[in-house]
Amino acid sequence: MRVAFVLGTASGGTGRYVLMLVEGLVRRGHQVLVLGPRSVEEQFSYAGAGARFVEVAVADRPHPVNDLRAVLALRRLTRDADVVHANGLRAGALAALARPGTLVERGTAAGPDAAAAPGAAAGFGGSSGTAVEPGGAD
13 MRVAFVLGTA SGGTGRYVLM LVEGLVRRGH QVLVLGPRSV EEQFSYAGAG ARFVEVAVAD
73 RPHPVNDLRA VLALRRLTRD ADVVHANGLR AGALAALARP GTLVERGTAA GPDAAAAPGA
133 AAGFGGSSGT AVEPGGAD
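Note that the sequence shown covers residues 13 to 150 in my numbering.
No lab work stands behind these hints, which were simulated from the structure alone. The C-beta atom is built at its ideal place from N, Cα and C for all residues, glycine as well. Mixed in with the good hints there might be a few duds.
So the derived label-pair ranges between C-beta atoms look like this [to be verified]:
1) Val38 with Val77: 18 to 28 angstroms
2) Ser23 with Ala59: 11 to 21 angstroms
3) His75 with Ser23: 18 to 28 angstroms
Construct the entire structure; sequences and hints are all you get.
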C-alpha cells in the first residue's frame, strides 16, 4: 500500500504519532511518503524511519499564494497514494483541496498501541487526523 502523510508545523505529540505510524507501516512493507515543512523532518527524521520525505510548505497561517502552491504540490505528490493521512486543521484542509471528490473521515485511537489499531494504518487513527481516500481526484 502507498501511504502519504501530510503535516503542517508539528511538535511533540503529532510528530511522534506520525513517526509511530510511519515505523509500523514501513515495518509491514508499505511505501510511505511524508509531506510537510523541512522542520518536521529535521525534528522527527521520517526518512530515517524508512519513509520518503518531500518538503511542502504547509504553514500555520493562511497565505493564498503559498497555500495554492502547497495544494498543487500535494495533488501531484499524492496522485498515486492509496491513502492520504493529514494531521492538523491546515494540513487536512490543504490535503482535501488537493484531492477533491474524495472521502474524508475522522476517527480516534489512543495509547501507545494506536499505530497498531485496526484502521490506524489506513489513516483512521488520531484525534486530529484527516484521512483522504482515493476516488475521483484526477
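Hint check results:
1. Taken as a hint, the range 18 to 28 angstroms is violated for the pair Val38 and Val77, whose Cβ atoms sit roughly 34 angstroms apart.
2. Here the CB-CB span from Ser23 to Ala59 is close to 18 angstroms, well matched to the stated 11 to 21 angstroms.
3. Separation of His75 from Ser23 is about 20 angstroms and conforms to the stated range, judged on CB atoms against 18 to 28 angstroms.
The structure fails hint 1 only (numbered hints given earlier).
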